[in-house]
Amino acid sequence: MKGSQPCIVGIGQTRYTRWGGITDATELQLAGEAILNAAADAGVDPRKIDGFASFGDDRNEPALLAASLGVDEVRLSTMLWGGGGGGSCGAVGLAAMAVETGQADFAVAFRSLAQGQTGRFGQYDPNWRHASFIHPFGAIAAPQLLALAVRRHMHDHGTTQEQLGHFALTCRAHAQRNPAAVMQGRALTMADYLASRPISDPLKLLDCCLESDGACAVLVTRWERARDLRRPAVPILSSAHGARGDWSSGPLGSHNQPADAYATTGARTLARDLYARAGILPSDLDVAQIYDNFTGMAMMAMEDFGLCDPGGSGPFVESGAAQWPHGALPVNTHGGCLSEAYIHGLNHVLEGVRQMRGDSTCQVAGAGLCLVTGGPGPSPISALILGRS
Amino acid sequence: MISLPADVPTPQADAWELEFWAHCAARRLMFQSCAACGRVRHPPMPFCPACRSTEVRWREADGDAQLFTWTVVHHPSHPSLVPAVPYIVAVVEFPALDHVRLLTNLVGVPADTVRIGMALSLVWEEPKRGVVLPRFTAAGDAS
Ligand SMILES: [Zn+2]
Numbered sequence: 016m017k018g019s020q021p022c023i024v025g026i027g028q029t030r031y032t033r034w035g036g037i038t039d040a041t042e043l044q045l046a047g048e049a050i051l052n053a054a055a056d057a058g059v060d061p062r063k064i065d066g067f068a069s070f071g072d073d074r075n076e077p078a079l080l081a082a083s084l085g086v087d088e089v090r091l092s093t094m095l096w097g098g099g100g101g102g103s104c105g106a107v108g109l110a111a112m113a114v115e116t117g118q119a120d121f122a123v124a125f126r127s128l129a130q131g132q133t134g135r136f137g138q139y140d141p142n143w144r145h146a147s148f149i150h151p152f153g154a155i156a157a158p159q160l161l162a163l164a165v166r167r168h169m170h171d172h173g174t175t176q177e178q179l180g181h182f183a184l185t186c187r188a189h190a191q192r193n194p195a196a197v198m199q200g201r202a203l204t205m206a207d208y209l210a211s212r213p214i215s216d217p218l219k220l221l222d223c224c225l226e227s228d229g230a231c232a233v234l235v236t237r238w239e240r241a242r243d244l245r246r247p248a249v250p251i252l253s254s255a256h257g258a259r260g261d262w263s264s265g266p267l268g269s270h271n272q273p274a275d276a277y278a279t280t281g282a283r284t285l286a287r288d289l290y291a292r293a294g295i296l297p298s299d300l301d302v303a304q305i306y307d308n309f310t311g312m313a314m315m316a317m318e319d320f321g322l323c324d325p326g327g328s329g330p331f332v333e334s335g336a337a338q339w340p341h342g343a344l345p346v347n348t349h350g351g352c353l354s355e356a357y358i359h360g361l362n363h364v365l366e367g368v369r370q371m372r373g374d375s376t377c378q379v380a381g382a383g384l385c386l387v388t389g390g391p392g393p394s395p396i397s398a399l400i401l402g403r404s
Numbered sequence: 110m111i112s113l114p115a116d117v118p119t120p121q122a123d124a125w126e127l128e129f130w131a132h133c134a135a136r137r138l139m140f141q142s143c144a145a146c147g148r149v150r151h152p153p154m155p156f157c158p159a160c161r162s163t164e165v166r167w168r169e170a171d172g173d174a175q176l177f178t179w180t181v182v183h184h185p186s187h188p189s190l191v192p193a194v195p196y197i198v199a200v201v202e203f204p205a206l207d208h209v210r211l212l213t214n215l216v217g218v219p220a221d222t223v224r225i226g227m228a229l230s231l232v233w234e235e236p237k238r239g240v241v242l243p244r245f246t247a248a249g250d251a252s
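Protein sequence lines correspond, in order, to chains V and X. The opening residue of the first sequence carries number 16 in this note's numbering; numbering runs sequentially from there. The opening residue of the second sequence carries number 110 in this note's numbering; numbering runs sequentially from there.
Calculated directly from the structure, the hints in this document are not laboratory data. Keep in mind the model is a prediction, meaning the values are calculated, not measured. Backbone N, C-alpha and C define an ideal beta-carbon position, used for all residues, glycine too. Please note: incorrect hints may appear among the correct ones.
Stated by the list, open to error - One side only, chain V facing chain X, incomplete, derived with CB under 8 Å:
1. G153
2. A162
3. P213
4. S215
5. D261
6. A274
7. D275
8. A276
Stated by the list, open to error - The following label-pair restraints were derived from C-beta to C-beta distances:
9. P194(V) <-> E128(X): 51 to 61 Å
10. A124(X) <-> E177(V): 39 to 49 Å
11. R135(V) <-> A220(X): 42 to 52 Å
12. Q118(V) <-> M227(X): 48 to 58 Å
13. D374(V) <-> S162(X): 50 to 60 Å
14. G381(V) <-> A145(X): 56 to 66 Å
15. T163(X) <-> L209(V): 50 to 60 Å
16. L296(V) <-> G172(X): 42 to 52 Å
17. P158(X) <-> A210(V): 38 to 48 Å
18. D171(V) <-> A205(X): 20 to 30 Å
19. P236(X) <-> T284(V): 15 to 25 Å
20. H170(V) <-> E169(X): 23 to 33 Å
My request is simple: use the sequences and hints to build the entire structure.
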């Protein structure tokens, strides 16, 4: 590997709880705890962390984090545009760009949530993009807006309610092996899924991700610094954030995304470029962590990123192809946003790193390539290809 | 199904969106189109994405309106919507206007009769003074 190759060298997290479950620490404290855990995991002195990246209108300012953590110097202080979880992988990508170009040495991407103290994510927001065109019609939150896209996917491709359920069940089954998962110990059957209450049809309660408190952090540096650290470096083979230029507010806004991509995540071209830069094909992947704000949206992302054919995600999940250990391409081996925790998808990056290190609780034997994606619906969305050193 | 209560949020539109709502106040559903090349666009935006012109001609949606997709909302995500559930949020497409789409509600349409592609008619509702909203019902049912 080139000396400048960006690698993930440390991952850190706090406890995960239901939203409002963490009352004895502030978001800033949780962010710091996750960052310190990532530094300890890597064996890096926290004073050497000089870059901070987040996404989704994060409230925890690098200037305050840096001062409290006692870092020597801040060389990167950045956040990806977009109010949703689309930037999870993109924040890691910003950190990677900074270390690859030498602007920072140890850049950390982080996300921290203590929503009992700060308010729940995705609730009524008068500053939502194109709010005047959606709120008066009772489309206030993501489930109502994205249910419209999922319904259209069912119409176009014959996707069934049970197929959405298979995605939810797959995540829940994986979470049963993960001690950090909020839903460990709460196994799920298709009957449970079908009986769960409707939120905005076709989305049921169990199609919607959890709402969680907790924090995650991912520490990134160059290969020349990474190779001598405590844990095996996980190279970021490529990263991408963005969307088609005509996506606008998409399904989280006025629903005027392009007709030929309506029931998609708008990421087909982004995915093509992501794989090309990594020099791989989707068929080379061993495992994937797909941002699952809602079952149907994650399934559209699986199509856009080539895990299955366009429109083919329903039969794909129904066949068991996404299930560990026997599926051809296990998805969300930690339980995802649906069943591990909703740390806005940065927890998916942590799971991708575990898979590449070989220590996931649903470890894919010999896994060497992992796709991680960020929130479908908004622009930008984002993605990473992780490899092994 | 009932129409939505008066206290559902009606956020202030951005400056370049205000004219859309001014037309609605006059009970005319008008979309922004480019005065130079004719391209229809929604929501309103400052430049034509096809030719970058800032000259605008407003065009009335007086023809075909078709249901593009829909959902029955069961869980109210704002206190004002508690008495309103279940209600239908819909995306309506206007084939004669470059297939531009409008997010709206279906009113007076039983959920078991809703079909993607069904023809729709515009109905105006004024939930509170000065707020005039375009909603849709099954074609032929407008009154
Ligand atoms: Zn034009």
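### Task
Starting from the hint 42 to 52 Å, judge whether the C-beta atoms of L296(V) and G172(X) obey it.
holds (46 Å)
### Message
Against the range 15 to 25 Å, how does the distance between the Cβ atoms of P236(X) and T284(V) compare: consistent or not?
### Response
violated (41 Å)
### Query
How about A276(V): closest beta carbon in chain X under 8 Å, or not?
Nearest chain X Cβ about 13 Å off; hint violated.
### Query
Is the gap between the beta carbons of P194(V) and E128(X) within 51 to 61 Å?
holds (56 Å)
### Message
Quick check: does the Cβ-Cβ distance between T163(X) and L209(V) fall within 50 to 60 Å?
### Response
Check passed, 52 Å falls within 50 to 60 Å.
### Query
So the hint says 42 to 52 Å: do the beta-carbon atoms of R135(V) and A220(X) match that?
violated (28 Å)
### Task
Return holds or violated for the Cβ distance of H170(V) and E169(X) against the range 23 to 33 Å.
holds (28 Å)
### Query
At the C-beta level, are Q118(V) and M227(X) separated by a distance inside 48 to 58 Å?
holds (55 Å)
### Query
Does the CB of S215(V) sit less than 8 Å away from some CB of chain X?
holds (5 Å)
### Query
With 8 Å as the cut and Cβ atoms as the points, is P213(V) at the interface with chain X?
This interface hint holds because 4 Å falls under the 8 Å limit.
### Task
With a cut-off of 8 Å on the beta carbons, see whether G153(V) makes it to chain X.
The hint holds - G153(V) has a Cβ within 8 Å of chain X, the shortest such distance being about 5 Å.
### G381(V) versus A145(X) beta-carbon gap, inside 56 to 66 Å or not
holds (59 Å)
When each numbered hint is compared with the structure, violations occur for hints 7, 8, 11 and 19.
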